Amino acid sequence: MVAADVPQSIPTGVPEAAATAGLNSLKAVGIGVPLLYSLTFFAAPLVFLVVLGFWLVEDFQVVPALSLDNYLDIAEHMFAKSNYALAIAQSLWVALTTAFFAVLVCYPMVLAIVYVAPRSRHRLLLMLAVAPFWSSYVLRLFSWQILLANKGIVNSGLAWAGFENLQFKLLYTQIATRIGLIHYLAPILIVVLYVTVANIDRHLIQAARDLGATRWQAFRRVILPMSRTGLLVSTSFAAIVSFGDVLSGALLGGGAGASVLGSVPLFSNMIMSEYASSTNLPRTAALAMILVLVMVLMLAGGAALAERTKVDAG
Amino acid sequence: MASAIHPSDPLAADGRGWRLAGRLYMAVGYFFLVLPIATMIVFSFQKGQFASIPGQGWTFQWYGKLFDDGTLLAALLNSLIVSPLAATGACVLGFLAAYSIHRFRFWGRGAFSVLLVLPVLIPPLILGVAFLGLLSRIGLQGQLSSVILTHMVVITAPAMAVIQLRLGQMPSSLEEAAWDLGATQFQTLYKVVLPFALPGIAGGWLLAFTFSFDEFIIAWFVSGFEQTLPVAVYAYIVGSVDPSLNAVGSIVFALSMLSLIGVELLLFPILLSQYRSGDD
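If you're matching them up, the sequences are chains A and B in order. The first sequence maps to residues 1 to 314 in UniProt numbering. The second sequence maps to residues 1 to 280 in UniProt numbering.
No lab work stands behind these hints, which were simulated from the structure alone. Certain hints may be false.
[Claimed, not checked] For lysine-lysine, the following DSSO-like pairs were computed, each having C-alpha atoms within a straight-line distance of at most 27 Å: (1) A/Lys169 <-> B/Lys47; (2) B/Lys65 <-> A/Lys151; (3) B/Lys47 <-> B/Lys65; (4) B/Lys191 <-> A/Lys27; (5) A/Lys169 <-> A/Lys151; (6) B/Lys47 <-> A/Lys151.
[To be verified] Only some residues are given here: those of chain A computed to face chain B with a beta carbon under 7 Å: (7) Gly30; (8) Ser38; (9) Leu49; (10) Phe101; (11) Leu104; (12) Pro108; (13) Pro132; (14) Trp134; (15) Ser143; (16) Ile146; (17) Trp160; (18) Ala285.
[Said to hold, decoys possible] Listing some non-contacts, in silico: residues in chain A with all C-beta distances to chain B over 10 Å: (19) Leu26; (20) Leu35; (21) Phe54; (22) Ser82; (23) Trp93; (24) Ala131; (25) Arg140; (26) Lys151; (27) His183; (28) Arg221; (29) Leu224; (30) Asp245; (31) Ala258; (32) Val260; (33) Val292.
This structure is a prediction, so every number in the text was calculated from the model and none was measured. The beta carbon of each residue, even a glycine, is placed where N, CA and C say it ideally should be.
Bound conformation, chain A alone (with noise of 0.2 Å):
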């Protein structure tokens, strides 16, 4: 992704016949096949989803129309029966509390990796980091479950080791769904955030420490500032994951699972679980468009809100 912008010196001298043979096909293939299949399978859908929404199911039968039964719908239930507000409440809540806590957990990691661990280790620790995102995600989820289940293997495995006060009452409640849902994103977290910190150059560090400043001042004042981007880069990332994820929210949230908002599901969750019973496609591809919508105010707040602090850091 980054490679993209590398310059790339076209051969100026004249091409020999023999060269151009075929360029306009190579440039017409290139460029068409890749083109046409993503306009087909990609753009088109996409562009069909916001059409679907006004259309309509009679005798349970997709029928093409230009009605916004599906949004009035929606909105009549906002805060009646389905609670469509409450659902996107918690989305919100869970996604930006597990953002904030995937960041917080895995900053000191890399920060760990990149200053105490020695450099010829970066890559183990870096492959050994990542080797869970090579498992599939929804077995994780099951392992999760039997781990954080009322009697499973945290809660057995400590009043076997004597402690039959400490247990938990974790699995559907959306504090499992935040585990479940860290732990899908760390990985890709700590090589988004390895690849901030370890770019910061060592010399800034080792002249604000001649200079004086202490081990947290030289974190605060220089590698703290520099790891902004990467950070921000990652809370939204992971804010947008969660948020439009919905295996964890299901298998470990039990689908509504409690908050300090209640037993609430969340928004994700819902779409999956109202197409699953009713099939209604229009009315789905409504809803899909509306936490569109909510992602997108998500992220322009974040982003209002980035720009406020960096006014406020300088």
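Given the coordinates of chain A, assemble chain B onto it according to the supplied hints.
The following block gives chain B in isolation, referenced to the frame of chain A:
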């Protein structure tokens, strides 16, 4: 990356306490990362249906049950059809796109690469609904091919990224030499560029395969009754507590460790090596 000019770390030169704290933190972190995978492997060999400590003895019964039962195995086979084909398709698209971006200057070049990378930035839940919407209009839903076609959209970007990294390391003199020696555009592509890009394509393929193999929500929407492994596993988990899942998990993890080693051998050299000039 900063080179190791200072033999002693500026942050840890005299801070034993900090070093110790850092090591402890890493230990806890890696324990957290490994915990569910270790659990999965250990309890796939444990007798009790409900996992608890202390264990209840060792057994192979869950692996046996897996092969007797068949639904998960059928799904695994489906996945082993879908993911290699989708990864291959993604590599074809990814290579064509990466080469065009690398080689040609054309109108809308920036937009072209954004369009190809965009699918990974959109939540798969949205894509799942969108794909099903369109596919069901043209009667393509509920087949293995619908999963292949839609997975290709999402996994082309990672494949392309790796191939781009590799092409970025290709000295332009290599192609020029081929042209000077009389090779046509297609000959150069086939005999010079493709062999050079091969490690990148292989690395990209493994990455694309892994993404497809683990993808859930798009497959859930478009696959219908032709479930892929994650979809079947999800249905299974929602239905019951069955340690056979640990057995599947262990098998899948063993498989993906193989691909991880492949990535380690193919991908990391590309990511870590610098641009080398013409003589290799």
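Earlier hints that do not hold, by number: 10, 11, 19, 20, 24, 25, 26, 27, 30, 33
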